[in-house]
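Colleague: Each chain, letter by letter, is given below.
2 protein chains.
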Amino acid sequence: MNISQTVLDFKAYVERVNAIRQALYLFSWDMAVGAPKGGTASRAKYVGILSAEEFSMRVSDEMKGFLDALDPCGESLDESTKAMLRICRRDYYTYKKIPVEEMREYSELLPKAQSIWEKARAENDFAAFAPVLDRIIRFQKKFVEYRGYDGHPYNTLLDDYELGMTVETLDAFFKKLKEAIVPLLKRISALDRQKNNAGFIHRHVPIERQQAIARLLMKTIGFDLNRGMLLESAHPFTTNLGKNDVRITTRYHENAFLSSFYSVLHECGHAIYEQNKMDEIADTILDTGVSMGVHESQSRFYENIIGRSEAFWAYIHYGLMEILGDTFKDMSARKLYEAANIAKPSLIRIEADELTYCLHIMVRYEIEKQLFSGDFDVNKLPGVWNAKMKEYLGIEPLTDSEGILQDIHWSDGSFGYFPSYALGNAYAAQIFHVMRRDIPFESCVRTGDFKRIQEWLTETIHRFGSLTTPSDLIENLSGEALNPDYYIEYLTEKFTALYEL
Amino acid sequence: MNISQTVLDFKAYVERVNAIRQALYLFSWDMAVGAPKGGTASRAKYVGILSAEEFSMRVSDEMKGFLDALDPCGESLDESTKAMLRICRRDYYTYKKIPVEEMREYSELLPKAQSIWEKARAENDFAAFAPVLDRIIRFQKKFVEYRGYDGHPYNTLLDDYELGMTVETLDAFFKKLKEAIVPLLKRISALDRQKNNAGFIHRHVPIERQQAIARLLMKTIGFDLNRGMLLESAHPFTTNLGKNDVRITTRYHENAFLSSFYSVLHECGHAIYEQNKMDEIADTILDTGVSMGVHESQSRFYENIIGRSEAFWAYIHYGLMEILGDTFKDMSARKLYEAANIAKPSLIRIEADELTYCLHIMVRYEIEKQLFSGDFDVNKLPGVWNAKMKEYLGIEPLTDSEGILQDIHWSDGSFGYFPSYALGNAYAAQIFHVMRRDIPFESCVRTGDFKRIQEWLTETIHRFGSLTTPSDLIENLSGEALNPDYYIEYLTEKFTALYEL
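Residue numbers (this note's numbering), protein chains in the order written: chain A, 1 to 501; chain B, 1 to 501.
In short, the hints are calculated from the structure, not lab data.
Model, not experiment: these values are computed from the prediction.
Every residue, glycine too, gets a C-beta built ideally from N, C-alpha and C.
Be aware that one or more of the hints could be misleading.
Claimed, not checked - Some chain A residues near chain B, calculated using beta-carbon distances under 10 Å:
| id | residue |
| --- | --- |
| 1 | Ala19 |
| 2 | Trp29 |
| 3 | Ser42 |
| 4 | Gly48 |
| 5 | Leu50 |
| 6 | Lys243 |
| 7 | Arg247 |
| 8 | Asp283 |
Unchecked claim - Straight-line distance between alpha carbons at most 20 Å, and here's what the computed SDA-like set of lysine to any residue pairs gives:
| id | chain 1 | residue 1 | chain 2 | residue 2 |
| --- | --- | --- | --- | --- |
| 9 | A | Lys45 | B | Ala12 |
| 10 | A | Lys219 | B | Pro36 |
| 11 | A | Lys11 | B | Lys186 |
| 12 | A | Lys141 | A | Glu101 |
| 13 | B | Lys45 | A | Leu8 |
| 14 | B | Lys186 | B | Tyr490 |
| 15 | A | Lys494 | A | Ala333 |
| 16 | A | Lys45 | B | Pro36 |
| 17 | B | Lys219 | A | Gly34 |
| 18 | A | Lys344 | A | Tyr262 |
| 19 | A | Lys344 | A | Glu179 |
| 20 | A | Lys494 | A | Pro345 |
| 21 | A | Lys45 | B | Lys186 |
| 22 | A | Lys45 | B | Met278 |
| 23 | A | Lys175 | A | Pro345 |
| 24 | B | Lys11 | A | Lys37 |
| 25 | B | Lys37 | A | Asp279 |
| 26 | A | Lys344 | A | Thr496 |
| 27 | A | Lys451 | A | Arg436 |
| 28 | A | Lys45 | B | Ile285 |
| 29 | A | Lys219 | A | Ala190 |
| 30 | B | Lys141 | B | Phe55 |
| 31 | B | Lys45 | A | Ser80 |
| 32 | A | Lys119 | B | Asn226 |
| 33 | B | Lys11 | A | Glu101 |
| 34 | A | Lys11 | B | Arg104 |
| 35 | B | Lys45 | A | Asp279 |
| 36 | B | Lys142 | B | Pro153 |
| 37 | A | Lys11 | A | Glu75 |
| 38 | A | Lys45 | B | Leu8 |
| 39 | A | Lys37 | B | Tyr25 |
| 40 | B | Lys388 | B | Ser373 |
Model the full structure from these sequences, guided by the hints.
Modeller: Dropping the structure here:
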């Protein structure tokens, strides 16, 4: 068979997989932004069928045929074919080992688990969630056994979200973070300066004004609304239907306008990544971010490194005041900057500040690692959670709703995902370190030249989409592998100055 | 092979087809309610692939295998299997003849055509739309040739929307309508009474109030918002993702509140049909209305037979006045009833009154018939359109935007669809004739007992979904085939009384 014809057939086949995947993304977007509640079960049925369809195409004999035919061609293939093959090969050899029936059973369990979790969280009833959580973990452990692993069994799951990531790397990574952050946090907590300026951020801001703020932010930092949109949902997220259709959501709290303010910046970071991939990979399976960690580096870059900088507050202050009117008249850019950077132990991850955020991730990382290293008793998890919160953050939740039940991720089986958030922060700081060699970051932000920052990120990160791998991307960009020192340095400098330690 | 196992396999296969179809409906809903413009081409690509996927499953060897295995079982199968087989058999033997590649190309063309049409209409530029319209028609003509036809080639397309419908039947049907409606309209046009009360319906009604009116109407007539939703789009429509997820749209004109008022009633008629099918067929390919004509009978029933009746205005007047406040304080229910029934030649089909509506359909029917009977020059269509408008309605559009460019349907390839609207009106009157034997329609409406009306329609029509055929449904319900006399009688009685002719 002619190789170039096989490449075409392979690409056409992968496009079919991708089209079903896009349909699944659309269903999931639709459900989050207001689909009728009464149709939940019906849509779950369609989604279940389409997921099975997509799954079976990824592990089909036809796929195997393409892999076998194209594998020997190796380096002679073009970059996009090679990248597609890498992804498909990994998929095939990973999932082929899981019996279809078990996968189906598991896929059907997840939407139910999510409903049970939602109810359990609302009613602070971990016991109601425990049995289904136990089932999910046992499924995942079985899948890891089928799939095999190097070193720690949890490595297999880490690798799903960040190619090549291991417990060995992360143990060292988190150890360094802990050693730097915990003492820094203690020094800040010993002060009582910040208590003075925390209150005003809870002043009432009507939703229409917060919508205007969202529009201001999107325009300012360059989220292209011709190829994107913003709606509301219970939890902010980004959906990527290819680089020309990238959608984000936020949610508005009338007495905490910074919540949506930073959600919008965060999701825009994801979205700007997706919108700026090269046209050559548009609408293919490569038309998506390269890994969860790298994706999170972009959202954190926009949310924290740009959005929580003093320069950004200096720039955005005027436009923001125009929208807020008299409510915040007495608030200087500096006061807002300080308010946006209050570092304080708290219970809820998604509301955590920049300094304490990774400690929340450590709690989850260590629990997940433990779950996959041997036997476990799901009923003991709340106790473990609370003890770790106490150890790293110095506070303990009073209820499981604001403790172990707070995150959706375990109910949808995403074990190995949480570390991406910490990796994202560390990547962002490493990227930032390199960026500042090339462009005058602070003066770009201070003068509103976000285009230049975006172009730099596009050149080094965005454009590649999934053509590359996370480790190659980071190494090509910075000349070294993931290095948490930049993140520690960034946090230490920022918070030492901010709190005049 | 065990027959009951084959039935199960067949149903599972059809469920897969249905899941892809639902994804396509969702893409189409999504595009109409605000998807980013820049993503049109990308979504068109996914839609093209998924349509081809669905299409190839409908004409696959596997499908042929099911048909061959189950056909000999005939009457011994349960009702739903028989209905599914009927639909799949028809699909298979119809579409097997169209090459997959051509179908795919065509499917990819349609979303682009829709964007072109939108722009052309906005800019009154038929020349911009003509080339893509030409391509669509040529595709459809080729498809008709592949598929074959009895009698007139257009019959094949008519049959797609209304099983068994032919040019022969419709020629006679429209002839009768024309002979009754044109003189009636002339007698009304000769009066000048209505000129006195036409103005107030253009008083300004802010969109928020019109949204409140929409909510009032949906609640009043029983559109279940737990299993449905209302959004806005350029052109009102209903999307059915199964009986538990039925979505409608409207559009608001600040100086013509009756436009959205009647759009909502119209789409609710479609939606109430979809929401009230029996649970046994939920989320299957039978979970949809039986034909376009029958569907339209339900929307017209709610829009016109209920919504444009004097009894309805008597009932809704109080609630409506509460929302409208002082603006319409001087308007009695009777005056609103008269205003909602002004019969007058007009240019725009979707804003046409009950009496002239079918004349608009005749214009389109005759053009479509002509397009499919021989060669055509797409550039001549505006002229043909205008001449026919002059002939039947006595008026001509000044621009193509309010002429041949006004409808979306040709841009999405729906040739053969327009007659359904006229059939819907005629079915509705025939259904109404029977309903009045069983329940006191007028007093139900006057007292707000829309539940009783809905239950009667559910019992005789809604619950069957696609378990039946349009002709069986109408015959079982009324004891006779489609008979336009009831419609003519209804119109004549209503407008003779209203205008005191």
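Colleague: State for each hint whether it applies.
Modeller: Each hint tested on the structure:
no., hint, verdict
1, Ala19, "holds, 4 Å"
2, Trp29, "holds, 8 Å"
3, Ser42, "holds, 4 Å"
4, Gly48, "holds, 8 Å"
5, Leu50, "holds, 5 Å"
6, Lys243, "holds, 8 Å"
7, Arg247, "holds, 7 Å"
8, Asp283, "holds, 5 Å"
9, Lys45(A) x Ala12(B), "holds, 12 Å"
10, Lys219(A) x Pro36(B), "holds, 15 Å"
11, Lys11(A) x Lys186(B), "violated, 63 Å"
12, Lys141(A) x Glu101(A), "holds, 16 Å"
13, Lys45(B) x Leu8(A), "holds, 16 Å"
14, Lys186(B) x Tyr490(B), "holds, 17 Å"
15, Lys494(A) x Ala333(A), "holds, 17 Å"
16, Lys45(A) x Pro36(B), "violated, 27 Å"
17, Lys219(B) x Gly34(A), "holds, 19 Å"
18, Lys344(A) x Tyr262(A), "holds, 17 Å"
19, Lys344(A) x Glu179(A), "holds, 17 Å"
20, Lys494(A) x Pro345(A), "holds, 17 Å"
21, Lys45(A) x Lys186(B), "violated, 55 Å"
22, Lys45(A) x Met278(B), "holds, 18 Å"
23, Lys175(A) x Pro345(A), "holds, 19 Å"
24, Lys11(B) x Lys37(A), "violated, 26 Å"
25, Lys37(B) x Asp279(A), "holds, 17 Å"
26, Lys344(A) x Thr496(A), "holds, 14 Å"
27, Lys451(A) x Arg436(A), "holds, 15 Å"
28, Lys45(A) x Ile285(B), "holds, 13 Å"
29, Lys219(A) x Ala190(A), "violated, 40 Å"
30, Lys141(B) x Phe55(B), "holds, 19 Å"
31, Lys45(B) x Ser80(A), "holds, 19 Å"
32, Lys119(A) x Asn226(B), "holds, 19 Å"
33, Lys11(B) x Glu101(A), "holds, 19 Å"
34, Lys11(A) x Arg104(B), "holds, 16 Å"
35, Lys45(B) x Asp279(A), "holds, 15 Å"
36, Lys142(B) x Pro153(B), "holds, 11 Å"
37, Lys11(A) x Glu75(A), "holds, 17 Å"
38, Lys45(A) x Leu8(B), "holds, 17 Å"
39, Lys37(A) x Tyr25(B), "holds, 18 Å"
40, Lys388(B) x Ser373(B), "holds, 18 Å"
Checked against the numbered hints above, the structure violates hints 11, 16, 21, 24 and 29; every other hint is satisfied.
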